[in-house]
Structures are given as structure tokens and as C-alpha cells.
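Student: Chain by chain, the residues:
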Amino acid sequence: MTQNIMTTTISSAIRAGTPLLFASIGELLAERSGVLNLGVEGMMLIGAFTGFAVSYNTGNLLLAVVAAMAAAAVLAALHAFMSVTLRANQVVSGLALVFLGSGLSGFWGQRYVGMQAQALSNFSIPFLGKIPIVGEVLFNRDPLVYVGYIIVPLVWWFLYKTKAGMNLRAVGEAPSAADARGINVSLTRYVYTIVGGAFAGLGGAYLSLAYTPMWVENMSAGRGWIAIVLVIFAIWDPLIAMAGAYLFGGISVLQFGLQVAQIPIPANIMKMFPYLFTIIVMLFTSGEKMKKRFGAPSALGVPYSREGKM
Amino acid sequence: MSDIVLKLSGIVKSFPGVLANDHVNFTLKKGEVHALLGENGAGKTTLMNITFGIYRQDEGEIYINGERAEITSPHRAMEYGIGMIQQHFSLVPSFSVAENIALGLKGSKISPKVDLVRKKVKDLAERFGLNVNPDSRIWQLSAGEQQRVEILKLLYMNAQIMILDEPTAILTPQEATNLFKTIKEMVKYGASVIFISHKLKEVLEVSDRITVMRHGKVIDTLKKDEVSERILAKKMVGRDVVLKILKKPSAPKKVELEVKDLWSRGDKGIYAVRGVSLEVKSGEILGIAGVAGNGQRELAESIYGLRKYTGEVKIEGETMRPLSVVSRMKSGVAYIPQDRKEVALCGGLPIYYNLFLKKPFRVPEFYLNPYLFNSSRLKRPSEQLVNEYLISTSSLNLEVKYLSGGNMQKVVLARELSLNPKLIIAVHPTRGLDVGAIEFVYKILLKARDNGTAILLVAGDLEEIFTLSDRVAVLYEGEIIGYSKPDESHLEEIGLMMAGVRKVKK
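The listed protein sequences derive, respectively, from chains A and B.
Residue numbers for the first sequence follow this note's numbering, so the first one is 1 and each next one is one higher.
Residue numbers for the second sequence follow this note's numbering, so the first one is 1001 and each next one is one higher.
Since the hints were made in silico from the structure, they are not lab data.
In this text the structure is predicted, and so the values were computed from the model without any measurement.
We put the CB at the ideal spot given by N, CA and C, even for glycine.
Incorrect hints may appear among the rest.
[Claimed, not checked] Some chain B residues close to chain A (C-beta under 10 Å, calculated; not the full set): (1) Y1055; (2) P1074; (3) Q1086; (4) H1088; (5) L1103; (6) S1111; (7) M1186; (8) V1187.
[Stated by the list, open to error] Within a straight-line C-alpha distance of at most 30 Å, the following computed BS3-like cross-link-like pairs (lysine-lysine) qualify: (9) B:K1447 <-> A:K291; (10) A:K291 <-> B:K1122; (11) A:K289 <-> B:K1113; (12) B:K1113 <-> A:K291; (13) B:K1247 <-> A:K289; (14) A:K292 <-> B:K1308.
[What the hints assert, rightly or not] Restraint ranges, calculated between C-beta atoms of paired labels, are given here: (15) B:K1106 <-> A:K161: 50 to 56 Å; (16) B:K1113 <-> A:L95: 38 to 44 Å; (17) A:G301 <-> B:R1321: 55 to 61 Å; (18) B:D1487 <-> A:R87: 51 to 57 Å; (19) B:S1327 <-> A:I279: 32 to 38 Å; (20) A:N4 <-> B:K1119: 53 to 59 Å; (21) B:E1488 <-> A:G301: 51 to 57 Å.
Let's have the full structure, built from the sequences with the hints guiding it.
Tutor: Below, the structure written as C-alpha cells:
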């Protein structure tokens, strides 16, 4: 019985953590390039809506996921244009994206409310899925969860072991140094802001195609914000971001578990935990030395211009 | 001539309100160390930023090895073989030394060739005496070590023209000596070096030729053998007589400011003020002369409580706590900082607000009663001040940032002097002002002196020191190297002291 509760909790933690994982990996990439995109919530909503609509109309899930990523990437491109080319205030532009995303998805999504569309279903990975308990928890899930398993080490390898990843980190940490080495700062920021948007769209698609396969207005319900917080929590490291995503996912699931078990911790307190954890992490990591040690993007939110330095 | 590797011809660059480079010509020969000497703001760094592709010149041409070069970016400059070490290093703090050097290198596809770089860096480090561990992370290194990494970067790329922008500013004397050795070593291998500095001694130590800049213009280019510190100091500081104001002899009375053995660190963590003791009496102006960067700013900031220090600062015999600006204000100290836009004024607030920013600390009832902060109450006295100080503005409500430099300074003066201060600390009070505004500032300061205020004046311009002060103290490398009288006959003496030569006792 206890074992059952454990496995269900962990497996729902992973499911709940997956959209957070995608969104925070995307935000992590954008922030690593020095662009703060607070519009994750909006991009997730656009992704969730687009994914659902395409799935409903075509029945093609792969197409739905790709379309969701593309739609969110378009929003991200808008943010990139505002913050890189126009050097506008990134906080304002990002917040605008939230409202744009939630407004557009709410407006276009009206006719999809209550509809049913093709959804992602679980499939067991051969052999791995047969392992007792672990197989059930980790390897009997829907395909996007597996994508999550693979994408994180890939992003980690990309960031720390490849030339392109090194360039990306340099652009976020010391744009003038990167510029002096012939790295195109603006292009780098465009690329990773847009790629980051695509990841947020993927997180959104996971919500409407797998987690709760339907369309509800504002269905991301603050997950975009948690994803942003998660990036800081993870000190811009994809592996920690993964652990954090499942942890935060677990906390959100635990709310229901506690209610069922009638343990009197109010849901609002539980909802607070991700932010509380992040504040605790920030207490220890926000020193100037620490930031440099972890390679925190010190140029985050600061538009770059060569002559503007003086 | 074929041995000229870099030629700048007729370079003009202006920034809003400032002509930073005014038709500058400059040549660099192969295998020489060429110093670019001048005061802060003389346009040295701007000129080199143009050469390195950070700025584009408004006019003029750059020739490299006799051929016209279009330098559009630092990266392009490096392709021409030009490397520059800026005052703010361009290093990625979380990367290792080798990674920083590998960053952006061509040739490798997926993964950076850090291992190869590491090996080559070790060789270079050994050959040029640059002791750095290629695996250390930048954030762990001292400023001197980081500079060595920057030099290694240039060596790695085989830069033929190396620009060093005030490289010794962050170094200990020992590190500086090592740097000079490295520079000489690099020149042996065929590189040419441009060395930006305002320190006369080191310029004479390392360079073959010296170009002196002042106010955006090249004053002269000299061979090292032809010059002495005295000649250089004279050329650098200049003697452009702007205006003559007659002043009454001073009548110093009691001591207002007493500083004892003050030590204070600069922004880079190295001691900038080293054991300064001085006194300023009421009714006199003590001028602090010296080449910029010898601790003047740090001294003024420490006395006003803006910077940490050890030692003693007494105002009217009362010891002040370090870092307590409020206690200084309460004791009647006025401060005219060198950076009026950033430190003295709030650009986004209207004039009348700026005029009263400090008032509450001197007038308790203003401070305690929030209702007195209504604008009409503030405006009436502000109007008086605007008239008295001839601040030309369309309205009291105008935001200060829209005023000209001269009018901004008048707002600062009006505010600081309306409190009837006992002591004024004025740092470069006329920097960037036109002649009319300068005259006004001089008259105001002299009037305050005649009314019995003690004034500590920091100025780079000797003319200003001569016009205003009653005594001159020369600051050199954070110490008062000697005192002198502010008149023409002591010019040479002051010039020598500015160059670090101690006064010979008769």
C-alpha cells in the first residue's frame, strides 16, 4: 500500500515536472545568452493552445508538438527583437508577452473548450519498462517524458562541452569579451531566445496533449513563473533544473496527496514552497564571487552595444 | 617608410558635447614601445578604442603596414594583428584560463580545442615569464594574474600591435616591474606596443617614444632621450591661461578640517591614499594638485565619508566616523563632486527639488515635519537661489538633466553654498564647463573663502590651482609629496613634485 502511494506520487511528480522541465530548460538557454524572458507563461499558453488545436484538427500529434514549439518561438522572436535589436526593457517586453500569450490563446481557444483531441499515451520501453517499480515509475510514460530524460544531459553536454555552448555562456557572462573574439552577440541572443521559446511551447504542448489532454483557458496556471524561478533555483545548470523540475512537480502533486490523506497543510502553503526554496538558494548563491563561480549570466537583462560601454 | 606598422591620420571623434579626438595623427614603428601620455579625459583611450574597432572614427584614416584598413570591430582589428588590453578585462569569469584563450578560435568544429591551447599557453607563459596556471578559473585570479591572461591571449594570437590601456593601474609595484620585463621581451619578438599611461615615471621607463595628448589633441611626440619628467609634466598639464581673477590675500583663522594619517583604498582594492595628513583653516583654499589618478578622488571621498578609510578626519575638532555622510552634513561640510550628473544631482527631478535635497539635515523642522515638503514652500526660496546664482532655466519644474553643464554646476553650488558651509570639498569643480561658467564658479568659491569658509580644492588644471588656492599641496601616488606657493615662480617646483620628485630641503 505504502509502496503504491510512493510509486504513484513519484510518477505523477515526473509528469507534473515535465512541463516545468521543458520551460525552464528553454528559459535557461535564453538567460545563458543574457536575455531575460519573463514571458514563459504566455509562451506556454500559446504552445498549449496551438498543440491542442493542431491535434484536434489534424489528429497528427507530432505535427501538433512541432506547431506548438513554432508558435511559442514566434512570440520569443518578438521578445528577441524588442530586447536585442531595439534594446527595450526586457522586463516590460517579457511581461507584455505573458498578456499577449494568455490573451491570444484565450481568444482563439474559446471554440476548443470542452473538446477532445488526440492525446499522447503512455508506452512502456522494452526491457527497461519491465524492471519492477523503477520501470513502472520511470519507463512507462508518454514519449515527451522520455524526451525530457534525453534533452537534459544533451543540453548539459552542449553547454559545457561544445564550442557553441562555450560561446553561448561567454555571451551571457561577458558579452564584450565574446564580441572581441568574433562571436556575434546579437545573433547568439536571437537564436537562444527563440530556441528557449520553442522549449516553452513544448512545455505548453505537454500540458494540453498529455498532462490534462484538453484546452482550458490559462491552463498553465502559473507554471511559466515557476519555470523562471526554477532557473535561478538551478543556478543556470540544466541538471539541477531537472531535479528541481521534478521536485517542484512533486510538491504540486503532493498538495492533492495531502488533501486525500487529510494532513492539514493548506494548499496555499504548499504552492509557496518552490518560491521559498528559490529564495533560500538565492541567499547562498547571490554573492558576486558565487555568481562568477557558477557562471551566472552577469549580463542578464542588459542590452549589449559596443559603444555603449563608456 | 616601411617600418611604420600603424599610422593614424587625422582621426576625429566626438561624443555628445565633447570632442574626444581632434585631428589626431599617430605613428607606431615596428619593434618600439610607444607611450601615449595624457591626463584623464585627454582622449588617449578613445583613440585606441578607435584603433581597436570599439568606436568608429568620425573622420580620418587608419593605415596598417602602409595599407588603408577598415577596422569595424575588435574582431576585425585582431585579424589585422591588433590586440588591446582594456582597463576592464574582457575575460569570462567562470571560464578557465585556457578556455578563455580558446574562446572563439577558428578551426575546431564541435568541441573547443582546450587541450591544445593549454599546451601552447604553458610554452608561451614560460617564454615570456607570465606565470599563470592554465586551468585556474578567472574569478579565482588576482587582477595582476588576469592581466597576464590577457597578455597571453594576445601572444597566442600572435598580435603584432599590442595596445595596453593603463596596465599598471591595478598592479603592485613588483607586478609592474614584471610587466615591463614582459613588454621588453615581447618587443624582442617583433611586436610593437602602445602603452597608455598618465604616470610619467613608468612612461620613461618602458617607452622608446612618447606622444603627449591634451584635450583631444596631440601636443607633441618625443623621443625618450630628449625628455625628462619635468618636460613631460609641463606638456601634459599644459598652461592654457583662460582667465585671471584677482583675489584678496587670505586671512586664515581656526582649523576647520584636520586629516591625520588617512589611508584609503581605490576601487580596485589597492591603497590609493597612503597616509595623508593635512589641515585646512577657515578663510583659506588649500589646492590639491597632482596628475589624475594619484589618489585625489579617493582622498576627497574619504574626507566626505563616501569611502572607507583608516586614520582620522576631524571637522572643527570633532572626529568624524568613517562612512557617515550625514554627520559631515550636520557639521556643515559641502561637497562638490567631480561627477555632478551621477553624484551631485538627480537628473530626473526638477530643479527646486534638487536645490533642497540636502536641506533637511541642516534644518531639523524641515526634516521632521512632512507637511513642509510641499512644493510651493520649496519653490519660493528656490526662486531666490535661481536668481542669485544666475541659473538660466525656463522653469523651476524643469528636470535637471535638461540643463547645460554650467547650469547644473550652478544648481550644485547653489544648494551646497546656501547652507553656509564651514568647509567645502570641491573636486574638479570646473571640469567640462565653458569659460563663463568657470569664472562664475571661481568667483563663488572665492567669495565663500572671503566669508570665512575653508575650502579643499582638488583640481587637475594648474591654472585653476593657481587662480584659487592660497596653499598648494601636491599629491603623488597617494602621498602629499610637498607643499608650495601658488604662483608662477613655483611652477617648475610643482611640476617636479607632480612627477614624483621630492622637494629638496634648502
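Student: None of the hints should be skipped; say for each whether it holds.
Tutor: Tested hints:
1. Interface hint status for Y1055 of chain B: upheld, as the beta-carbon distance to the closest one in chain A is roughly 6 Å, under 10 Å.
2. Residue-level restraint check for P1074 of chain B holds (minimum Cβ-Cβ distance to chain A is 4 Å; threshold 10 Å).
3. Given the 10 Å rule on beta carbons, the hint for Q1086 of chain B holds: about 8 Å separates it from the nearest Cβ of chain A.
4. This hint holds: H1088 of chain B has a C-beta 8 Å from the nearest C-beta of chain A, less than the 10 Å allowed.
5. Because the closest C-beta pair between L1103 of chain B and chain A is about 5 Å apart, less than 10 Å, the hint holds.
6. A hinted interface residue such as S1111 of chain B counts as satisfied when its beta carbon comes closer than 10 Å to some beta carbon of chain A; here the least separation is about 6 Å, so the hint holds.
7. With a least beta-carbon distance of about 19 Å to chain A, the hint placing M1186 of chain B at the interface is violated under the 10 Å criterion.
8. Of the supplied interface hints, the one on V1187 of chain B is violated, with its beta-carbon coming no nearer than about 23 Å to a beta-carbon of chain A, more than 10 Å.
9. Our distance criterion of 30 Å between C-alpha atoms is broken by K1447 of chain B and K291 of chain A, whose separation comes to about 51 Å.
10. Note on K291 of chain A and K1122 of chain B: the hinted pairing holds, with a Cα-Cα distance of about 28 Å set against a maximum of 30 Å.
11. Pair hint K289 of chain A plus K1113 of chain B holds up; C-alpha atoms about 27 Å apart against a cutoff of 30 Å.
12. A distance of roughly 26 Å separates the Cα atoms of K1113 of chain B and K291 of chain A; the hinted pair therefore holds under the 30 Å criterion.
13. Among the hinted pairs, K1247 of chain B with K289 of chain A is inconsistent with the structure: their alpha-carbon atoms are about 53 Å apart, more than 30 Å.
14. For the proposed pair K292 of chain A and K1308 of chain B, the alpha carbon gap of about 25 Å is at most 30 Å, so the pair holds.
15. Distance hint check for K1106 of chain B and K161 of chain A: the Cβ-Cβ separation is about 19 Å, which falls outside the suggested range of 50 to 56 Å.
16. Taken as a hint, the range 38 to 44 Å holds for the pair K1113 of chain B and L95 of chain A, whose Cβ atoms sit roughly 42 Å apart.
17. Checking the proposed 55 to 61 Å range against G301 of chain A and R1321 of chain B shows it is violated: the Cβ atoms sit about 36 Å from each other.
18. Our hint of 51 to 57 Å for D1487 of chain B and R87 of chain A holds, since their Cβ atoms are close to 52 Å apart.
19. Here the CB-CB span from S1327 of chain B to I279 of chain A is close to 35 Å, well matched to the stated 32 to 38 Å.
20. The given range of 53 to 59 Å is respected by N4 of chain A and K1119 of chain B, whose C-beta atoms sit roughly 58 Å from each other.
21. E1488 of chain B and G301 of chain A have their C-beta atoms about 54 Å apart, which keeps the hinted 51 to 57 Å range intact.
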